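S.K.: Join the two chains into one complex using the hints; note that each chain is given alone, in its own frame.
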Amino acid sequence: MSTAVTTLAPAASLDLKADMSVASRHSLAVDDLVRGFGLWRLAWTLGWLDIRLRYRGSMLGPFWLTISTGVMVGALGVLYSTLFKMDVASYLPFLALSQVLWGFLGALVSEACTSFTEAENVIRSVRMPFFVYSVRTLIRNIIVLAHNILVILVVFAWFRAWPGWDLLLAIPGMLIWIADALALTLLLGAFCARFRDIQPIVNSVMQIMFFVTPVIWKPEQLGAAGMAKLPLNPFFDLLEIVRGPLLDTGVSGMTWLGALGYSAALCSIAWAFFVRARGRITFWI
Amino acid sequence: MALQARIEVEDVSVLFPLYHGSSRSLKKMVVAAASGRLGKDQQQRVVVRALQNVNLRLSSGDRLGLVGTNGAGKTTLLRVLAGVYEPVAGRLRVQGSLNALLDPSLGMNAELTGRENILLRGLYNGLPRSMLPRLEEDVAEFAGLADFIDLPVRIYSAGMVIRLGFALATAIRPQILLMDEWFLAGDAVFMEKARQRLEEMVRGAEILVLSTHQMSVVREWCTRVVWLEQGRVRADGAPEEVLPQYLGTPLEMA
Ligand SMILES: Nc1ncnc2c1ncn2[C@@H]1O[C@H](COP(=O)(O)OP(=O)(O)OP(=O)(O)O)[C@@H](O)[C@H]1O
Ligand SMILES: [Mg+2]
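Chains A and B, in that order, give the protein sequences.
FYI, the working numbering numbers position 89 of the first sequence as 89, with every residue one higher than the one before it.
Just so we're on the same page, the working numbering is the position in the second sequence counted from 1, plus 1000.
Bound-form chain B, shown alone (with noise of 0.2 Å):
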């Protein structure tokens, strides 16, 4: 690994415009009017703002945490940062590759077995072929799903998917790590090797960022915490700094 990763968020906006009607982003759309954040753009369509005008800059060795309540924008900054979401105002670099744990069933196909959905997501990965054998040994020892592993995914419980989800998220090694909450559902004995493998990505200098609602996760794991509010960033630094600000506002929808 030649370059150093590195993340560069300028002053990046991302508004949805609410195009499919209201049934399916209702939910989303009470939220996001109840915190005063639909709006209209030039064209006068309706949107949600979801995040304003956000400035971040990451460098090696930075594990970030993002906090703020349901709403905040949290997991569409991730999404800006995988390059899911273009901005629509600002610039995002990335250097380095990454791996964002959005969706704990990412590309799984809850028809195929554990090791068929192991082997598709080395090639949703662009891995080459030499590299799938080391894939499917490591994913299936860590997820520990025993014979399992040869069984449809369909009828897995959902800490299993969730095992199986982390270790596949977490075998392929990125310079950049981005996860949402989701990941930190499985069980007390599974969160310690969890936790294990993560400090393992994050030792060699490489950027984590996650989001979450649990203070002692951002505690343990990270050197420093990003506060979202109503897609704003409201504060940014120490964990000693920022969490005892955040927890001192009352919880409230944003």
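Bound conformation, chain A alone (with noise of 0.2 Å):
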């Protein structure tokens, strides 16, 4: 009655040391990053998986949150237009457009915070990249997004706003998101296991953020003076370079620069602190 005991495990070595070079701890951060993409397969699943038990049950799925950033869309569209004596044609597009893409951006720097902390059971349990989870946080919130871009596509739809060929314009700008919201994951996902309050304090942060960046009110209403000085903040430059190609409001130089620049430096920090931090995150969870 015994069983085959088929599949092979695939082949691996181990060599940790106490007090490691620099180079050594860099070598282990690469390579934790190498494996973690090598592992996509996973973190794709995984965060399949993540959206699916967080709508279990439930009929529409994800399509909820479609359904009730549409309607809240839709609400503040016709109240803001009003009180901004906005013609609605112009402020609708870009307010869903925004909406949506700030709902990414809250969503994904609130649960970067977690992404370490809500695996805790699995990294106690066996070594396997840190890259992984912040794959998996990534593509849960590109799965959130996907499915609230049906609320830009109604109201492109409606208005007649479709950017056409400018939507290709977008595309540095969601590269440029995609390596910030990993470098952010491990940052955040690291610190905040470390620090428990980082959390709360990140997401008030977000939430003054919300309302002093032009999510819900245009740039144009801040007048020349104060658009110059957008660029400084960092969210602004983030948004932008997604939001102003598919508005065909073009970007401007120093957007692109803040852009790049803070993007540099949050990638580079992220790093930095990854690597020292790497082997200590199991028992900070």
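Calculated from the structure, these hints are not laboratory results.
Quick caveat: nothing in here was measured; it's all calculated off a predicted structure.
Each residue gets a CB set at the ideal place from its N, CA and C atoms; glycine is no exception.
Be a bit skeptical, because a hint or two may be false.
[As the list claims (entries may be wrong)] Far from chain B by the CB rule (all over 10 Å, computed), these chain A residues:
1) Glu118
2) Ile143
3) Ile201
4) Leu232
[Said to hold, decoys possible] Restraint ranges, calculated between C-beta atoms of paired labels, are given here:
5) A:Trp48 x B:Pro1244: 53 to 63 Å
6) B:Gly1144 x A:Ala157: 50 to 60 Å
7) A:Ile198 x B:Arg1091: 29 to 39 Å
8) A:Ser268 x B:Glu1010: 31 to 41 Å
9) A:Leu167 x B:Ala1158: 47 to 57 Å
M.R.: The structure is reproduced here in structure tokens:
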């Protein structure tokens, strides 16, 4: 009755020392990234499962989000176009796009904080690249975003605001978002594992940023002087490099400079921290 | 498998700084305090010295049993060997594919069916897609859960979860197998099956390290015993030598 034990585990080897040199810490961190990418199918599956389980037993599933985003955009659109005395035809496409993109950003930043702590059990029982959990968090949020894009499509179709081929100009911005998102999950994931009160702080900061960043109000409303200062806000730059091309309002050189500069800073800080912290994360969670 | 499996643990220590207040690790702290293993590190943080200067060399064919009282550091040592806890002092070298059975429900999702969990585990282990059907067939057959394999794990009994966990963990054949004590909780019929399957795994000159409080298991399965006490290796040798010493000491919190 002996059952054939068939499947072979992939070969592996491990060499871990205390007091490692900076170079070997780096190579372990790089290894983490490479192997994490190699496990993209796992990250993809975990991301999907998160969504599936979050909406388990609900009829519409993640489309509930689409509906609530849609209702909010509709209501805010009518209200603010009246308050700000703006043309609905130009305001609603702006609002729909901004709101959906910000929804993605806000959720991603908040969930980045728990990307490692939520995987506590797995992290404690098997050696797994931490990067897998970063990719999982990103994929989960992209899936939510994909559902919300429906709202944008409906609004754009209604007002015939198609960006046309300018759509392609948003791609570099989206790639920057992906890089930033992964950097952020590594940084906040590790940092919030160590210091548990960071997440509430992060959430409050995002709330404030929502109001000081042109999400529901348009940059033009600030006047020329105010608009010149907007690129100082990293969230404005990042939002604008994707939103500008899609709304056909263009992206200024300052905005691109800001987006690239802030992203480079974020990625370097995240990497430096991750290289130092990687081996300790298991002790923190 | 070109390279022979090998484990080298050189002077490894593991300290747990107590980061997140008392509530999360209060129980562990009390045990540690009782054993005089709470200390301070260089930064004056309170730490538990879970392992202290452990040396261990294992090569192909070794079947090691870890014994020691509660809190002696057995699970921690297994986690170090698995590469989960990176040592704060010393060095760990492991050569060969490794599978650690530390948590019976590793990566298992109670909302998914047994079958879906099998596929998920395949992904956790980085298996290519082509291997997944074979894994599924093997685990489903060995776990012997009949129709339950297509029902959510949430409705399984504890023993059924263990069967599935054991089948999953042992379906993927590593060169080095690490096991914590949980896997001994199946019913008698299952234990017999489990033993056969384990022996199959251990046969091809691979390494087995298991931690247990059941001496019968150690006598039956192990060729070598390490007795841990307060995070240190107290004795290391053949079961006939070490077990009488270990059992000779009165049972108390070490
Ligand atoms: N995450 C942790 N945080 C703080 N202390 C810990 C942690 N994990 C283990 N310890 C401490 O390390 C020591 C060894 O624990 P370990 O779990 O390895 O014991 P064990 O030999 O497996 O015990 P048992 O037989 O009860 O399973 C204990 O004193 C415990 O308090
Ligand atoms: Mg234990």
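S.K.: Would you mind marking each hint as holding or not holding in the structure?
M.R.: Going through the hints against the structure:
no.	hint	verdict
1	Glu118	13 Å, holds
2	Ile143	17 Å, holds
3	Ile201	17 Å, holds
4	Leu232	36 Å, holds
5	A:Trp48 x B:Pro1244: 53 to 63 Å	54 Å, holds
6	B:Gly1144 x A:Ala157: 50 to 60 Å	55 Å, holds
7	A:Ile198 x B:Arg1091: 29 to 39 Å	33 Å, holds
8	A:Ser268 x B:Glu1010: 31 to 41 Å	34 Å, holds
9	A:Leu167 x B:Ala1158: 47 to 57 Å	54 Å, holds
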